Amino acid sequence: MSALLEKQKTVPAAPIILEARRRPSRRTVLLLAAGALWILGFLLLNGTATLALPASELTDLHRSLNQLNAWVAANRADNPVFLYFFTPLRTAVDAVANLFTTTFAATSTGLRLPEIGWLGTVGLLTWIALAVGNVRVALLTAVVFVFFGFQGLFVEATYTFALVLTSVLLTLLVGVPLGVLSGIYGRVARVITPVLDFMQTLPTFVYLAPLALVFLIGPASAVIATVIYAAPPVIRLTAHGIRRIPDNTREASDSLGTTGLQRLLTLQLPMARRTIVMGINQGTMAALSMVTIAALIAAPGLGQTVVRALQSLDVGTAVNAGLSIVLLAIVLDRVTTAASRRAEPGAAAKRRLGRKARAGLLGIALAVVLVMVQLSRTMLWAAAFPQDLNVGPAIVQAVNTASHWLQSNVSLFTVSLREGVTGTILNPFQSLLTETPFFILVAVVAIVAYALGGWKLAAVTTACQGVIIYLGLWSDAMVTLAGTLVATAVVMILGIVFGVAMGRSSRVDQLMRPLLDAGQTMPSFVYLVPFLGLFGATRFTAIMAGIIYAAPVAIKITADGIAAISPTVVESAIASGSTPWQVITKVQLPMARQSLALAANQGLIYVLAMVVVGALVGAGGLGYDVVAGFVQSSIFGKGLAAGLAIVFLGIMMDRMTQAAAAAPTRRIPASTPAT
Amino acid sequence: MKKAERLIKRTLPAMAGAAAAALFLAGCGGASVNQAAAAGGATGTPCGSVSVAMNAWVGYTADAAVYSYVAKNKLGCSVVQKDLNEQVSWQGFASGEVDLIIENWGHADLAKQYITDQKVAVDAGPTGNEGHIGWYVPPWMAEKYPDITDGQNLNKYSSMFTTSESGGKGQVLDGDPAFVTNDEALVKNLNLDYKVVFAGSEAALIQSFRTAQQNKTPLLGYFYEPQWFLSEVPLKKVNLPAWTEGCDANPEKVACDYPTYKLNKVMSKKLADSGSPAAKLAKAFTWTNEDQNSVATDIQGGMTPEAAAKKWVDAHQSVVDVWLS
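In the order they appear, the protein sequences are chains A and B. Under the numbering used here, the first residue of the first sequence is numbered 1, with each subsequent residue one higher. Under the numbering used here, the first residue of the second sequence is numbered 1001, with each subsequent residue one higher.
No wet-lab data here; the hints were simulated from the structure. Hints should not be assumed to be uniformly reliable.
[What the hints assert, rightly or not] Within a straight-line C-alpha distance of at most 16 Å, the following computed EDC-like cross-link-like pairs (lysine to aspartate or glutamate) qualify: (1) B:LYS1269 with B:ASP1117; (2) B:LYS1074 with B:GLU1225; (3) B:LYS1156 with B:ASP1193; (4) B:LYS1188 with A:GLU57; (5) B:LYS1236 with B:ASP1147; (6) B:LYS1253 with A:GLU57; (7) B:LYS1169 with B:ASP1193; (8) A:LYS456 with A:ASP333; (9) B:LYS1119 with A:GLU57.
In this text the structure is predicted, and so the values were computed from the model without any measurement.
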């Protein structure tokens, strides 16, 4: 079974091994030694020093983290940190969130109608899309928001939208200044970058529990969690935009005697505008996916519908709500992309409409929108979407029928597939990881790390493993690692198969892209439900969910890597008589090795991010600890520790795959195509 | 440029037309928001808004559906239902997110924290339901292996309950990780050769028991009553060492069965002090396990919770009148 792990690390390097057969490199020797040590350790010391901790048991560390829970509860009212920082922050965020939800979704009192009704909402948002984008995205906005009404989910969708809007505004408020600072001052960038890395490795689920502890459940916590999740891309892209401005442009402006602030306002921000808007785009998408997860801490909206569907295994409702989320994602993406095009320097010259004509058009449209808002405020039919125009139940019904048919007709196949994979791959591999004494594994990983990246990497990975052991969750971490590695192996197979196909044919590429985009924007919760129906609540289901979530990234990266190979190399290979298979295995895959390693790296990180969500459908290990710690106050501390363990597991695997990717690529001999 | 002008020329009249049509419709069509507001307030004492936590089992949904139906339709309250995990809901009392938990199972630690210490919640009295948690087997097993209902014999049968998830031991199937459970501690402290595996939800538990009974496959799992499913498949309870006062005080040392829970309601201090009719209704709400099961069965059979609640309320007018008096 170690072949799996081994393969996963060495597949990209396959040609090297072939070459090395003549003269094994030091790295190969080290990797083989590590493998041998592991197998020996497993065979001889099977089941000793596994550091297993039963799920109901806690270590002293967990108990003291539990105290945190009680401490916060006891001190919330009078501790100055809460009195003067957390509570006012919460109140402020709550006020902003409340403003948007009452405007678009529902007031919290009385009739629970939104301030500007559905008609006003559709009108206003369409107008905004027109103003920042163009007629096409405006139409898209109008159609999609009306469709939410037909789905019977208008209120839910606008709740989600309002929370995304709140989060994005606050993210910009925090992210843009930080991004500017880190773009201008190298020192700030050096401090901020590791923090951003940490924020992006931390699974979203993990900070829900501590946030709920500090800020209590509700929209405020949801927004704060979302800001934490959405800020890194905004900060990074803003900094990138500022840093990218050519030095001579800056010097030219400096020579005119501009002050720092003037330079920022007149040169740096305008020139970085397009990149910043791209950051807004990325942040918005991140915010949407997080707001859905935040349903677990009482964020209203579509996420609630999906969570409820997950609990009652209602595939139809989950798909209906999931469709809304995907549509909302498309609208937000297209509008912000159109806005970034509009922000592009020189875009104005290409416009078909003159500035005056456009302003006039917008003004007239605004007048119409105001009429619509006024209507919504007075007439009931314009305030709440008419109930009788509802195709939601039909969608739910149709999907449920289809899924029942699938479940009753395919379940024999799915169950045997599950049992087969679990029995022959997952269980043996997992016991290889959990039954080997921890010190052997630590040594094995250290040797592999040394082979890949030298002493520094070996020290980092050993430290990470030390922390996991200290957290008392070694055995659970190994269960998680087993599932993650199996899922990543499948992700890489998919990545190579589809990536190569896409890289070689632009038609396949065009066909696949929308599917991949859907796989990435569809919130993970949604496809958990049908998988749960097909495969039951098992680790296998969680692995499937992880694969769906991570495969698009791996496929895209691989495809880009393959497509980037210079066509002349491929042509010369074909000209010298290589079959397509030879071209792929001897030229394209070896030359795209860096992309493959990057794909493996991203695949791992994405699968790991899914681990916690997978615990909702039966994955054990750290994910279960996190979820259980979130929902049961008696094991809060253990959940927190498990969250940290995931982070350190993530850092370890990220560093190791990055080292594998960055390792000097051996020159592929010029004669390769001919061989 | 010409294109643009044409576009404006074409859109302007269309937009003006639309606006005119909208105004026309506004003038003559449908109810207005003010009328609706007047209608909403016409039912008597102002009630305002109540946030009800929705925990993830059908029995809870039944309780909440009936409470919400009565509060909405007889008292004119606006009821907001929030899907939340059992223990997470309690945090909502402090933040104002949750006003009412309509079916609470035990949780002495949370009661101490939120009712006694923080004083953000109050006990709103029993629901009239009696709750039992325990380990159950499908009826075919109890027939075929009569001694299986004695917990002491479980180890004898453990190999029968092995699955791909249980690592060579017998499997005890639990529900949502959020549910009240001592099962992992029980397995350890009773020296049982079993492993607890989580199905993830009530729906998954029910589906598993249903399949086990249909296909006559072995299954040992966590279950509870009141529960409509027991009238479809009458699961048999496995007797673990009987509960005695304090035997479950330390969650890591538990070695006894679950107690009988007098289910109760918990509401926020804010709601209790408001004098709202919604608070009075919450205190007065009591019914029997049969009542709850009948509503839950309807919901499970495909009725919306609201319709199932209406059916029950219409059939039990006298009970509801007592709540409202």
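Hints, one by one, checked against the model:
1. B:LYS1269 with B:ASP1117: holds (13 Å)
2. B:LYS1074 with B:GLU1225: violated (29 Å)
3. B:LYS1156 with B:ASP1193: holds (9 Å)
4. B:LYS1188 with A:GLU57: holds (10 Å)
5. B:LYS1236 with B:ASP1147: holds (12 Å)
6. B:LYS1253 with A:GLU57: holds (10 Å)
7. B:LYS1169 with B:ASP1193: Between B:LYS1169 and B:ASP1193 the Cα gap is close to 6 Å, so the pair holds against 16 Å.
8. A:LYS456 with A:ASP333: violated (41 Å)
9. B:LYS1119 with A:GLU57: Violated, at roughly 30 Å.
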